[in-house]
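Chemist: Listed here are the chains, written in short residue letters.
There are 2 protein chains.
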Amino acid sequence: MAAMSARQDKQDALVVFTPSGKRGRFPLGTPLLQAARTLGVDIDSVCGGRAICGRCQVGVSEGSFAKHGITSKADHLSPFSVNEKRYESKRAKLKAGRRLSCQATLMGDVVVDVPEDSQVHKQVVRKRPEARTIELDPVTRLYYVVVTEPDMHNPSGDLERLYEALFEQWGIEEAYTDLRTLQYLQTALREGEWRVTVAMYHGHIRSYNRIVAVWPGFHDKIYGVAVDVGSTTIAAHLCDLSSGEVIASQGLMNPQIRFGEDLMSRVSYVMMNPGGDQEMTTAVHEAINVLIGQVAAEAMIDLTDIVEAVFVGNPIMHHLLLGIDPTELGGAPFALATAGSKTLWASELSLTMHPDARIYVLPCIAGHVGADAAAVVLSEGPHLQDENWLIVDVGTNAEIVLGNRHRLLACSSPTGPAFEGAQIASGQRAAPGAIERIRIDPETLEPRYKIIGSDLWSDEPGFEEATERTGITGICGSGIIEALAEMYLAGIISHEGVIDGALAAKTGRVQPDGRTFSYLIREGEPEIRITQTDIRQIQLAKAALHAGAQLLMDQMEIDHVDRITLAGAFGSHIDVTHAMILGMIPDCPLDKVASAGNAASTGARIALLNNNARREIEEVVKRIEKIETAIEPRFQEHFVAAMAFPHKTAAYANLRQAVKLPPPKHVTFAEADGRTARKRRRRPA
Amino acid sequence: MAAMSARQDKQDALVVFTPSGKRGRFPLGTPLLQAARTLGVDIDSVCGGRAICGRCQVGVSEGSFAKHGITSKADHLSPFSVNEKRYESKRAKLKAGRRLSCQATLMGDVVVDVPEDSQVHKQVVRKRPEARTIELDPVTRLYYVVVTEPDMHNPSGDLERLYEALFEQWGIEEAYTDLRTLQYLQTALREGEWRVTVAMYHGHIRSYNRIVAVWPGFHDKIYGVAVDVGSTTIAAHLCDLSSGEVIASQGLMNPQIRFGEDLMSRVSYVMMNPGGDQEMTTAVHEAINVLIGQVAAEAMIDLTDIVEAVFVGNPIMHHLLLGIDPTELGGAPFALATAGSKTLWASELSLTMHPDARIYVLPCIAGHVGADAAAVVLSEGPHLQDENWLIVDVGTNAEIVLGNRHRLLACSSPTGPAFEGAQIASGQRAAPGAIERIRIDPETLEPRYKIIGSDLWSDEPGFEEATERTGITGICGSGIIEALAEMYLAGIISHEGVIDGALAAKTGRVQPDGRTFSYLIREGEPEIRITQTDIRQIQLAKAALHAGAQLLMDQMEIDHVDRITLAGAFGSHIDVTHAMILGMIPDCPLDKVASAGNAASTGARIALLNNNARREIEEVVKRIEKIETAIEPRFQEHFVAAMAFPHKTAAYANLRQAVKLPPPKHVTFAEADGRTARKRRRRPA
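Chains as they are written, first to last, in UniProt numbering: chain A, 1 to 685; chain B, 1 to 685.
No lab work stands behind these hints: they were computed from the structure.
Some hints here could point you the wrong way.
Identical copies carry no separate label here, and so any pair may be met within one copy or between two of them.
[Unchecked claim] List of simulated lysine to any residue pairs, SDA-like, C-alpha gap at most 20 angstroms:
{"id": "1", "residue 1": "Lys-506", "residue 2": "Gly-462"}
{"id": "2", "residue 1": "Lys-622", "residue 2": "Ala-175"}
{"id": "3", "residue 1": "Lys-626", "residue 2": "His-153"}
{"id": "4", "residue 1": "Lys-122", "residue 2": "Asp-513"}
{"id": "5", "residue 1": "Lys-506", "residue 2": "Glu-523"}
{"id": "6", "residue 1": "Lys-622", "residue 2": "His-153"}
{"id": "7", "residue 1": "Lys-626", "residue 2": "Asn-154"}
{"id": "8", "residue 1": "Lys-450", "residue 2": "Glu-88"}
{"id": "9", "residue 1": "Lys-506", "residue 2": "Arg-522"}
{"id": "10", "residue 1": "Lys-622", "residue 2": "Glu-174"}
{"id": "11", "residue 1": "Lys-622", "residue 2": "Tyr-176"}
{"id": "12", "residue 1": "Lys-622", "residue 2": "Glu-168"}
{"id": "13", "residue 1": "Lys-622", "residue 2": "Asn-154"}
{"id": "14", "residue 1": "Lys-95", "residue 2": "Glu-84"}
Okay, chain A solo, but in the shape it has when bound:
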């Protein structure tokens, strides 16, 4: 045994891979990549050890490592090889100290560092540090193979020899091939002189390997696109499938708007116009194709290098994307055609990417809670933690999710379009020129504000010049939230949402307006003001939102939530404090309330980059309990109680610790022509 061990020491070397810590002894001369594979160390490679792709780069940690019992030196690896020099001359210079692990062979003990960018399952950096990490677990991967030439002595098909090569060189046992790849295969093999790169889709349902594309010779990159199909805008993010990075993003107005501003008017269009669903499906496919063209152009890549796409959207967008008539979603019982995920070919939706690119559409949760909400769940991960987490995606419908690792509930609530600036006197979409922030001095009742496109407040020097180009055109959703919250804090409106006409005496900004009053934010053209009707619209919207959340809390049997996240474009722009002052969301410590940005897009991107995430969200969606607000008797009761600011009955103790709320004040509606009317009525009260 001693002799044996001595002989081992002489002919073997110990290699330790960091950061995994995996270690083993290998005969001198073993390539590092081979040692890594044997030990199950995650090192990327497309070319399969031929010094072509450069994905398998590693570094040597030099020094004496007591922990590992190793003295590691760079010259314990074979000298820089001809192949590595060829790689550097043909492709790219290696970073100092880096080696191609497929070329460097063991000459002695070494500690080898596998940098993040050489790992297949690398982590993708996200902008929000608190957000769930995205680990790359590619669904479609590239494999470079050298295929045996045909031999008349042993006739076999080119495809069958490609399969043999995939098995021998990559261990892939069973594969299928799309027809287009088969049609092009012989050309690719001969152009590539029997060397080709294939893109292999590894289905997430069972083990399922299918070649979706083939290129002659070595092909370096494939891409995927994550698309969030919103009723208003469609956003696309192009990702490099080997790094996970977003390399181009574009957004576009959803052209379906010409058939109807909001979802229900689009469903009505279908009901009134036979074939209207197909028109809208075509419109959205065309828009998606424009977007894909834009991201591909921005990233300067070929459309056919896009081999995957993931789509999310609300149920109606989901159905129209898939060419399904959304009529059933327009009325009770709001039956989805399918709640399940869907995997199909790009060609089935006439999308201009690789025609055999695999399209993955996330599952829907319920008739009003779509694949976009599922994507938000995937992005934020309420199902992975213990707190009672409320996630609200605010739009024309608010999708509300509440729960933790043990139980998740979801509903949607019909907030209407007020939060998006629709049906508001001076309201507009969030666009340059729109007021998005506003503060009201509680003494003077004078407003100051900021508009989209400028960082200056309206009372700061240079504001006029800075806003000259866009003008000041209206007030968008986040501006309305702040305006109302500030008006409430300043006492301009009562906790019941009535503008106090008495203040017209104090400020010219409170003005009679028909039979009620309004608050003037800006004189001039256009004049921007908040009317009593605007306040009612927002009250209705926020009460619906709050009531939905309350219903889920009832169901969960909790009286408070631990954490709140506002998702969606709108949610990411509103100030959480002002939202809570209005009572849009239940009470919660303010430091536990955050905006998640476009979490639906992020969820789409996670599903694009991580095979397991698809399985995960499909399973989570199945366990989510769906609550239909329309048939819950308590919804109406909650709704009425939630009309007040912040709420008729809820204490909002956390909010009151942070913000001094005005005392309740009962203001009745006044006749337009005079405060006297109000006063008259008040007296007898």
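Using the hints provided, position chain B relative to the given structure of chain A.
Modeler: Using the frame of chain A, we list chain B on its own:
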């Protein structure tokens, strides 16, 4: 125990199903279909026991069955039910004594006969009694289901509720759905008032259930089409997938003929004309669509009720069908793009049937031995028996298969177009007016013949009138075979294939023809004769065929074959004795030589009707040893030896027992102008 048994006797009944013999005791009141299912008795049903489809009919065998220990009576079943009456009034009268097994319940002991037409796995009747039986094992089946209506209290997708119904009513655990079905599903469910019939494709690779079509309410029938894409003709057989019966057949000229008569000229067309492959692919798809339209019209069915199709063809037809450039098949090393089977959607080939119909293309064996040859193997089943069986499919290329259950070999041999009447002076395709049979009187050397379109011999009364409409236009392949064999038997040509000009003295039918002689079959317009060049063409063709067979026999290390089958349209028309006299095929007892008709079409039909057959042929094809004649050194040697009639060296003992062959006679080529030249040469010999 005795009490228990007595109680059982009272409350249970014994049912014996024939012909399976499966038996069991069931509580009184158990429906027969349920009892059958429990026992694993094969009884068909589409409606799942709702007395709609009528597929589950059974009869009662009345009497005392000592063997079963039963006294079986018709009134041991519940009386004819309301549902059965409704079935009779709505659908069809039940045959006398027949019951719907889903309605008839056990009232006492019975022997129940399950007729063949009530079984799923019924046997399909074939015309040739000796042929392999076809058992129905449907790949796509109909399932009628009642789906739960959507419920807002428990929201779920329509598709998910359909899956639940399939599981609960049919035990189908995991299913997928094509996009088009999903797009139509909601309409179908509502039109059918939550009752729909789905066509489910049960993939033969692993368990794989996929809904390919849905109909509102009960849908009775689905169809499949088996297509043999020949270089000359395309044949389609429409089958009822529940009975397996062919309900319509049509054939059509392959329109690719306009790009080239034979396979190689079509490959040349592709080489010379970029895009030529796509032109030919489009042409063949269009022709197939015409054919499918014709069979559907003949059977008076909707095109969308065709949910499956199976295709066979030689490698070049196979590639062009799939849109694969066949150029590689035009030259060594004759590499197929793929040898494997292929499953795809009808829409991928633009075929006009249900767009999601599944297309199955049989595997190819080698670069010259295609899916048609695989289909012949599937039809005939040489891999299932012990004899050394030679199967020859004669065409421009002959595909030759030899072997038994232990070992199978295949090759192709370049016979050229002579057998099809091409490059033969008076040759023509097999069509009305062509001479297909011929006898030559060995004394008078006078011929008599039959033409296609008439059953009369040319020396029979009424022949003139019978052939007036078509005329006598030429001689087709089978006619040429017989003409040469008869000429050889009559001594007009020598065993080496030379026309004996000396006979010109004896009969005016042997005539000088340039530098050689010819034999006149028919005077008039057109004149029909066999020239020396014709004989050479046939000799080359038959020598290639024989040499190919010999090569396989060498490889198999056998000196004779036990059985010979001639497959293909040509093979089914030639007289096997004449073929053997010429030495087209090796010696074999004549009663062991048969024609199999269009075995390729039959193989396609088997693969259409039997799921397991697809697995079977894929596995068999993988084990077939492929011999490439072009690189086998002995091929040339065998070819030269096979030029003589019947063969230069082979004894043909079996043939000689049945037919008296003329003694060898050495005739040299004579100058056109005289027998003297021949005689001069002969004298010194």
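Chemist: If a hint holds in the structure, say so; if it does not, say that too.
Modeler: Hints, verified against the model:
1. Proximity of Lys-506 to Gly-462 under the C-alpha cut-off of 20 angstroms is found in neither arrangement, the shortest distances being 29 angstroms within a copy and 124 angstroms between copies.
2. When the C-alpha separation of Lys-622 and Ala-175 is checked against a cutoff of 20 angstroms, the pair qualifies only between copies, where the shortest distance is 16 angstroms, while the shortest distance within a copy is 30 angstroms.
3. Within a single copy, Lys-626 and His-153 get their C-alpha atoms only as close as 64 angstroms, which misses the 20 angstroms cut-off; across copies the closest is 8 angstroms, which meets it.
4. Taking the shortest alpha-carbon separations for Lys-122 and Asp-513, neither the intra-copy value of 60 angstroms nor the inter-copy value of 84 angstroms comes in at or below 20 angstroms.
5. For the homomeric pair Lys-506 and Glu-523, the shortest alpha-carbon distance inside one copy (17 angstroms) is at most 20 angstroms, but the shortest distance between copies (126 angstroms) is not.
6. Taking CA atoms no more than 20 angstroms apart as the test, Lys-622 paired with His-153 passes between copies only; the shortest distance there is 15 angstroms, against 55 angstroms inside one copy.
7. In the homo-oligomer, the alpha carbons of Lys-626 and Asn-154 lie at most 20 angstroms apart only across protomers (7 angstroms), although the nearest pairing inside one protomer, at 60 angstroms, exceeds that limit.
8. Taking the shortest Cα distances, Lys-450 and Glu-88 never come within 20 angstroms of each other, neither inside one copy (53 angstroms) nor across copies (79 angstroms).
9. For the homomeric pair Lys-506 and Arg-522, the shortest alpha-carbon distance inside one copy (17 angstroms) is at most 20 angstroms, but the shortest distance between copies (124 angstroms) is not.
10. Proximity of Lys-622 to Glu-174 under the C-alpha cut-off of 20 angstroms is restricted to the inter-copy arrangement: shortest distance 15 angstroms between copies versus 30 angstroms within a copy.
11. When the C-alpha separation of Lys-622 and Tyr-176 is checked against a cutoff of 20 angstroms, the pair qualifies only between copies, where the shortest distance is 16 angstroms, while the shortest distance within a copy is 30 angstroms.
12. Taking the shortest alpha-carbon separations for Lys-622 and Glu-168, only the inter-copy value of 19 angstroms comes in at or below 20 angstroms, while the best intra-copy value is 39 angstroms.
13. For a Cα distance limit of 20 angstroms, the shortest separation of Lys-622 from Asn-154 across copies, 12 angstroms, qualifies, whereas the shortest one inside one copy, 51 angstroms, does not.
14. For the homomeric pair Lys-95 and Glu-84, the shortest alpha-carbon distance inside one copy (12 angstroms) is at most 20 angstroms, but the shortest distance between copies (82 angstroms) is not.
Of the numbered hints stated above, those contradicted by the structure are hints 1, 4 and 8, listed in ascending order.
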